[in-house]
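J.: Quick mapping for you: the protein sequence lines, in order, are chains A and B. Read left to right, the first sequence gives residues 8 to 265 (the numbering used here). Read left to right, the second sequence gives residues 219 to 457 (the numbering used here).
Just so you know, the hints here were simulated from the structure itself, not pulled from any lab data. Computed from a predicted structure; not experimentally measured. Certain hints may be false.
[Stated by the list, open to error] Some residues of chain B that are not near chain A, with every Cβ distance over 12 Å (derived): (1) Ala240; (2) Leu262; (3) Ala263; (4) Phe272; (5) Arg324; (6) Ala414; (7) Leu432.
[Unchecked claim] Label-pair restraints from in silico Cβ distances: (8) A:Ala17 - B:Gly427: 35 to 41 Å; (9) B:Leu280 - A:Pro206: 52 to 58 Å; (10) A:Ser208 - B:Leu280: 56 to 62 Å.
[Unchecked claim] Covered stretches of chain B (in silico footprint by chain A; criterion: 3 or more residues with CB under 8 Å from a CB of chain A, positions within the stretch not fixed): (11) 384 to 397; (12) 406 to 412; (13) 447 to 454.
From the three backbone atoms N, C-alpha and C, an ideal C-beta is built for every residue, glycine too.
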Amino acid sequence: MAWTWFHRLASPPHVYRIAGRLTPWFAWPAAILLIAGLIGGLWLAPPDYQQGDAYRIMYVHAPSAWLSLMVYTVMAVAGGIGLIWRMKVAHAVAAAAAPIGASFTLATLVTGSLWGKPMWGTYWQWDPRLTSELLLFFLYLGYMGLRAAFEDLQRADRVSAVLAVVGVINVPIIHYSVVWWNSLHQGPSVMYLGKPTMPPSMLVPLLIMFLGFTLFFGAVLLMRLRAEVLNRERAARWVSEAIGGVPSGRWVGEEIGA
Amino acid sequence: MQAALPSTGLERGSAPSALAVARLMLERDLRLAFRKASQLVQPLAFFAMVTTLFPLAITPELSRLRHIASGVLWAAALLASLLALEFLFRDDAQDGTLEQYALSGRALTGLLSAKTAAHWLLTGLPLALVAPIAAVALGVPGRALPGILASVTLGTVTLSLLGAIGAALTLGVRRAGALLSLLTLPLAIPVLIFGAHATQLAIRGKPYGAPLTLLAALAVFGMTLAPLAAAAAVRINLE
Numbered sequence: 008m009a010w011t012w013f014h015r016l017a018s019p020p021h022v023y024r025i026a027g028r029l030t031p032w033f034a035w036p037a038a039i040l041l042i043a044g045l046i047g048g049l050w051l052a053p054p055d056y057q058q059g060d061a062y063r064i065m066y067v068h069a070p071s072a073w074l075s076l077m078v079y080t081v082m083a084v085a086g087g088i089g090l091i092w093r094m095k096v097a098h099a100v101a102a103a104a105a106p107i108g109a110s111f112t113l114a115t116l117v118t119g120s121l122w123g124k125p126m127w128g129t130y131w132q133w134d135p136r137l138t139s140e141l142l143l144f145f146l147y148l149g150y151m152g153l154r155a156a157f158e159d160l161q162r163a164d165r166v167s168a169v170l171a172v173v174g175v176i177n178v179p180i181i182h183y184s185v186v187w188w189n190s191l192h193q194g195p196s197v198m199y200l201g202k203p204t205m206p207p208s209m210l211v212p213l214l215i216m217f218l219g220f221t222l223f224f225g226a227v228l229l230m231r232l233r234a235e236v237l238n239r240e241r242a243a244r245w246v247s248e249a250i251g252g253v254p255s256g257r258w259v260g261e262e263i264g265a
Numbered sequence: 219m220q221a222a223l224p225s226t227g228l229e230r231g232s233a234p235s236a237l238a239v240a241r242l243m244l245e246r247d248l249r250l251a252f253r254k255a256s257q258l259v260q261p262l263a264f265f266a267m268v269t270t271l272f273p274l275a276i277t278p279e280l281s282r283l284r285h286i287a288s289g290v291l292w293a294a295a296l297l298a299s300l301l302a303l304e305f306l307f308r309d310d311a312q313d314g315t316l317e318q319y320a321l322s323g324r325a326l327t328g329l330l331s332a333k334t335a336a337h338w339l340l341t342g343l344p345l346a347l348v349a350p351i352a353a354v355a356l357g358v359p360g361r362a363l364p365g366i367l368a369s370v371t372l373g374t375v376t377l378s379l380l381g382a383i384g385a386a387l388t389l390g391v392r393r394a395g396a397l398l399s400l401l402t403l404p405l406a407i408p409v410l411i412f413g414a415h416a417t418q419l420a421i422r423g424k425p426y427g428a429p430l431t432l433l434a435a436l437a438v439f440g441m442t443l444a445p446l447a448a449a450a451a452v453r454i455n456l457e
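Produce the entire structure from the sequences given, and follow the hints as far as they go.
T.: Written out as structure tokens, the structure is:
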């Protein structure tokens, strides 16, 4: 059957194995691309005629911003799959993704404000992109807060999945209302970067960084997913077999208790 | 699976229409709320109190307050409607009424829509009626009041709907206050932006139709989707 692979993803031991096998396929290309992108962006690319060397923070800032949005989407899609097909592993993916997304969002905010200091003369500007990024950060915090508020894991999974789906519908509305708000209250004071005229020597490292960051996210997600699955299934027999040790007394006790 | 409704005693033999049920729920919620009038007054008093903080903290000069009036009104309205959310599902969840709704075989989305409508009538509409008075106290000219009334009326509809989602999500959480704000406020940002903008334009005597239309669009969008999300969250929390 064509859908066998999908159904097999519902089995935690299978996911644990697959994730472990896939991790190096993300991690190594990510490492190579990130090194190549940093060399290209920090040394080989010419300084910008307006921003000098300050624009180079873009090579971290822009990919982080892209991932901050992508991870939220991954989280919402995983949550939706978990809600619809009642797939526990999908919820584990969402749980594993949330802190990564929040970290990328924070990285975007920090690099954005560091970039703002030389460009705008201030660490913080109520720029529409920075502002909606800040709101995205609050959405992540709310998601993780809601998840942490429940003792019962299944309920935490499903309630936070509803929130993620609601949030992902709202993210574009929030973004465009913030853009609209800003265009009314103050004119665009600074052009971000001369996008259409970016020469290949600047653009290629940026694209490499985008790909590298995305693969890096994949690797971290797979590693966190493995830890998440182990933690969730800690009472199961396959876990003690998978980690290759004699099960500790507490786990055996839980297994008997369950 | 259509569960029978043996003992509702509405109309023997035939199940009542969805509209009749919605009307009954609305009546019930309004009646219960009026028996505990202090719950109704508290968010309004809170709104008035927050509005009072700004002249005290910034300046008593009406000419300067007028410039920040739209922001003050909307921030206060947002906080007051957040405060009122606690009453939305809490009592019904505690005494098991919500569970009965979920088990009634009726579409939970419809029932929750009726509950949300009652909640808006009890908190959103009074806020909208009080907002122009607060605006006058902040030095806003009289010609701006219809615009303020219209924008707060439309905006609170969306706030009630978003709040219903937030309250449903946190049903099972014991002290949900701070978490509820953290969940609901980012989602309410578009309402704040368009509402405050409509108010600002009204105060300056400019046409404010565009942001008002967007507020109405948000309200309609919320009416179609928010009850679905709230019903899903209620069901999960009742399991």
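J.: Against this structure, judge whether each hint is valid.
T.: Here is what the structure says about each hint:
Annotated as non-interface, Ala240 (chain B) keeps its C-beta farther than 12 Å from every C-beta of chain A; the closest such distance is 23 Å. Interface exclusion of Leu262 (chain B) from chain A stands, the closest Cβ pair being 27 Å apart, more than 12 Å. Ala263 (chain B), annotated as away from the interface, keeps every beta carbon of chain A farther than 12 Å; the closest lies near 28 Å. Under the 12 Å C-beta cut-off, the non-interface status given to Phe272 (chain B) relative to chain A holds; the minimum distance is some 19 Å.
Distance check on Arg324 (chain B): its Cβ is at least 20 Å (rounded) from any Cβ of chain A, clearing the 12 Å threshold; non-interface status holds. Its closest Cβ contact with chain A, about 9 Å, brings Ala414 (chain B) to no more than 12 Å, contrary to its assignment away from the interface. Listed as a non-interface residue, Leu432 (chain B) fails to keep its Cβ farther than 12 Å from every Cβ of chain A; the least gap is roughly 8 Å. As the Cβ distance of Ala17 (chain A) to Gly427 (chain B) is approximately 52 Å, the hint placing it in 35 to 41 Å is violated.
For Leu280 (chain B) and Pro206 (chain A), the hinted distance range of 52 to 58 Å is satisfied, since their beta carbons lie about 56 Å from each other. Here the CB-CB span from Ser208 (chain A) to Leu280 (chain B) is close to 59 Å, well matched to the stated 56 to 62 Å. Residue count for the segment 384 to 397 of chain B with a Cβ under 8 Å from a Cβ of chain A: 6. That meets the three needed, and the coverage hint holds. Counting residues of the segment 406 to 412 of chain B whose beta carbon lies closer than 8 Å to any beta carbon of chain A gives 4, which meets the minimum of three for the stated coverage.
Proximity of the segment 447 to 454 of chain B to chain A, defined as three or more residues with a beta carbon under 8 Å from a beta carbon of that chain, is established by the 4 residues found.
When the structure is compared with the earlier hints, violations turn up for hints 6, 7, 8 and for no others.
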